[in-house]
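Engineer: Each chain is listed here by its residues.
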Amino acid sequence: MIGGLSFAAPGLLLALIALPILWWLLRAVPPAPIRRRFPGVALLIGLKDDDSQTDKTPWWLLLLRMLAVAAAIIGFAGPVLNPPEERETDGPLLVLMDASWASARDWPVRLDRARGLIEEAGRDGRPVALVQLTDLPAGEGVAFQAANTWLARLDNLEPQPFAPDMGAALDWVQGIEGEFQSFWFSDGLDHPGRDDLAQALADAGGVIAFEGGRDVLGLGPARFEDGVILVPGYRLETEADRAVTVQAFGLDPTGVERELARGDLAFAAGDGEAELELDLPPELRNRISRFQIAGERSAGAVSLTDDGLQRREVGLLAGASEAEGQELLSPLHYLRQALAPTADLLEVGLSDLLLASPDVIILADVATLSPEETQGLQAWVERGGMLVRFAGPRLAGSDVARDQLDPLLPVRLREGGRTVGGAMSWGEPKALRAFDEDSPFYGLRIPADVRVSSQVLAQPDPELASRSIAALADGTPLVTRARLGQGQIVLFHVTANAEWSTLPLSGLFVQMLERLAISTRPVDPDAIDLAGITWVPEVLLDGFGTRREAGVMPGVDGIDLATAPLSAALLPGLYSGSERRVARNVLGAEEMLSAASWPAAIPVEGMDARPVVTLAWAFLSGAFVALLIDSLAALWLSGRLPGLARTAVLLLAVTLAPEAQAQEESDEALALLATSEVTFGYVLTGDARLDETSRAGLYGLGLTLARRSSVEPAPPIGIDLENDELVFFPMIYWPISPDQPIPSDAAYARLNAYLRGGGMIVFDTRDADIGRFGTSTPNGRALQEIARPLDIPPLEPVPADHVLTRTFYLLQDFPGRHLGRDVWVEAAPPDAEQIEGMPFRNLNDGVTPVVIGGNDWAAAWAMGENGRPLYPIGRGFAGERQREIALRFGVNLVMHVLSGNYKSDQVHVPALLDRLGQ
Amino acid sequence: MTLNTRHTPESLRSRSEAVAGSLPSLLADAQHLAATILLGEHGRKRAGTGDEFWQYRQAEAGDALRSIDWRRSARADVHFVRQTEWQAAQSVMIGVDDARSMTYSGSKARPSKLRRAQTLAMALAILAVRGGERVGLTHLAEPPRGGEAQLMRMASALMDPEDAGDYGTPRPQVMPLGARAVVFSDFLGEVGPVEEALGQAADRGVKGALVQVLDPDEERFPFDGRTLFESMSGAIRFETLKAGGLRAAYLKRLALRKAQLRDIARHTGWRYHCHHTGEGAEPSLLWIYRALEKVRL
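Top to bottom, those sequences are chains A and B.
Numbering follows our numbering, with no gaps: position 4 of the first sequence is 224.
Numbering follows our numbering, with no gaps: position 164 of the second sequence is 273.
I should point out that these hints are in silico values taken from the structure, not numbers from a laboratory.
Among the hints, a few may not be true.
Taking lysine to aspartate or glutamate and the EDC-like style, the derived pairs with C-alpha atoms no more than 20 Å apart in a straight line are [unchecked claim]:
id, chain 1, residue 1, chain 2, residue 2
1, B, LYS367, B, ASP269
2, B, LYS217, B, ASP138
3, B, LYS361, A, ASP423
4, A, LYS268, B, GLU339
5, B, LYS351, A, ASP907
6, A, LYS268, B, GLU348
7, B, LYS367, B, GLU305
The model shown is predicted, which means the values in this text are computed figures rather than measured ones.
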């Protein structure tokens, strides 16, 4: 073996010694002469060659032959690059795969390597067991099986989106009896307990570790601080500077997921962490559903976002205060303080608020609303808005919801409200009762100093209990809620300022707002935040970072969600509970990826096993090519090449550049064909029947023209819009079928150039029997679709004095197979006016670039080779008359195309008048 | 069949068929070629014996009474004699070298030299016959004759190959006094016999044209590399290691041969023309026709 190169049959290389002998032999033999019959030989007799140079083979030809022979010898000796390494080849083999999220980045490579190893073990007849550490087999021990059984299962293996539990793995490994060798596919991360497992495996019979070469990259949960989104990123290798592109995905306004933003995560050298700052407008920010490292396929490289990133728009509105109040007494002050860090506040008039359509509208002590405002608010709530109202002196003093339920209040109110613990009352100010289990506030700790001294009271009502979500210690509802449409209405029975209660002064106020999803939590949720609620997974990540619907996965307890390590029971994903959604990502906020270190006793191999490359074929084909060149050279030397060379060059040209040549030739042929005579084109639609009708139609029209006029067109040519040049055709007939392909941009460019250059396209939707122009027939829609990028001027139905009506025949109708009246052409200039006494307007400019109709003219024109019509038109004589008129229209059309507006000239008016009988 | 063909009874039938098979195409070629030249009747442009009307002239003393054209004379006060144009038949002897060397063609796209020579010869014969001349082949011991039948006989004789040598020599059998003659050959063989034959012809007052028919390859010598040249029968061989190196020498010798032929022709009052099979036959036919006309007048 020499530098990774070894030979299957090194003995054959001895044949290289024979090369010098071959050299001598070849040098001695000159090339054979050509025998040539030639009468002029009589004149040659007696002539002498002036030199004798070529009686020996030239040195370069010899060298070529030597090389060919040498290559052949080496080729047959069987050179092999990267010959397979020698390993222990007996005893059972345990293949362990970490199969964690960090393995996903190069999972196919791992599988390939594992397959190679298992196949090798299979060749050696070793029993094999393949185990994923993230998916340990149930029970004790492991079943070593034939290698083939594992090969079949290998493709079904998937990495899991969490880290392996090394402790469980250690227990499991220690449960295996007997001696076995282990191949451990590590994900490169230092999971706790890994060293112990490595030691256990080494003890059990030796272990070889396999590690991938790619860096591990991950994203932590995104958070919102100081107006920017911060996305922490982690990496394993810290030597060099590195910039990683992070993409933010989310639904765009049309509901399609797309990349909304991207930024570069710049790791400094020596740093395993970096943070991406994204400054996005709120509309965009609220749409982001996940961040992802571009090009990384791993659950760790995906960071799902939850409410933490979303900032709701909250509209605040207080009842009109007559006097300028003090700041701390403003009903909105505490709300502003509570919401400003986590929500975007809007403080404008109600009508403007409704236009802005915020997520939440808070009305602090607003009693009466105009009917319009009520309707608007109601509609907004029904569409999913959340209306939060706070009570206050005005609400208490008004008649709102006294006798009947106000649509914008969850409960009916009793008059006046009550005051407890005031100077004029007996009772103490009331504390809050612990929240019920079905309350959204369940689990929140109630500070002892929260007291309510005044409130509005709800009318006793059968539904009151179900609508109450927070109550005072004596059971009177403090917060009530009612659903309306898709939205909800919440009423705090106290004021939003500290006048009626101390609630706005406490942290509970903020937490309650948060639970109602009015504000959103600013930072990572802790266990207490999440406790007490069962969180249901909505979207889960698999090991590759692909999101999939959770389906019927069981819910997760809040504390587990916050603290438990990820496992098969707690997959990373987006969990929802009550009003909120919480994302659990693979990597937390403060992670540190550390590389696995292996004891010196454990050999570590790379993932990319260098493939065994057999070089024999390369050498043999090299020898073959050299011999080919040699024979060509020999021919050239002996003067036999000229004829052969032409053939060869021709062959080469044909094989190497058939496309270009064919294209060029066909272009040229088309140009010649189309320009040597007047030729009409029709667009090939891909529908063979339709194309044949178009061809027969233009053929029939051509026959008619040849009989009746001096225009004798050549047979029509089908046009492939994508490839053919259009400028040769004076007129192109374009039948529309609903399923014909939309031309490419290049084709449109050619079409527009054609139209601007004075060409004419006759569009025929062929559906005048079922719909008028512009109606939504399938063909009509296809026409709109096709014609949209075309440069078409304003159109109008053919006016009675259009030159089309008199270029050859005097026509009023333009029927084809159908009798539709609508045929549209370029609109006359707006300043064209009819002069008194003249039958026609003076429209002397230009040929209309398009004629659009639906009368299926081609079918009416169509004739077979024998000049007989192909398609029946109408009934009996009337049908034949219709065909005749259709043909006349065709003639007029062609005359219009070929002679322009010649007939529009007023010179002909007297003759035309005469014929018109005026 | 001709007198000097050496048929065996076995070969007679097959050879006849082979000749008959290619005859129409030769005739067609020749007719086609002749049609491009045909200039009408070739009278002597003076009164004489012949069929064609030449002129009326006033009867003079000495004119026989029976030569007066009464119909013409009746319309005038004098007598007129109707004269016909003098049409004297000439003999045109045509020789075509049918040696092996003439069968050479350097490319499939070109006819062999022999074929081209035969075509030219027959076209010439057709022209002559239409002009009222008598034609014959030099190597046949037959006197020249006129008429369509003679064309057929000539064509058969031309197509009937002889077992000839590598290079042909002119060997005229019949040379009527004062006849015109055209000899088609590549003249690549010995020059001596040609000179001798032309001398004899000149002695008998026979004048005409030498037409050297060459293949373009023989003009250009486009060969290279180690080559073994053989004559058409394989009797003569010449080997060279570098054919390209001999080109200049070959072309020099060819030019010398042409000069020799031109000299011989000049000395004997003949004319010399070189025709290449790569070119069309018409210009050469026209040249030959003109050459014979000039000699004739």
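Engineer: Confirm or reject each hint.
Structural biologist: Hints, verified against the model:
1. LYS367(B) <-> ASP269(B): 29 Å, violated
2. LYS217(B) <-> ASP138(B): 18 Å, holds
3. LYS361(B) <-> ASP423(A): Given that 20 Å is the threshold and the Cα spacing comes to 98 Å, the pair is violated.
4. LYS268(A) <-> GLU339(B): The hint holds at about 16 Å.
5. LYS351(B) <-> ASP907(A): It is violated: about 64 Å lies between the C-alpha atoms, which goes past 20 Å.
6. LYS268(A) <-> GLU348(B): Distance of about 10 Å is within 20 Å: holds.
7. LYS367(B) <-> GLU305(B): Cα-Cα ~17 Å, so holds.
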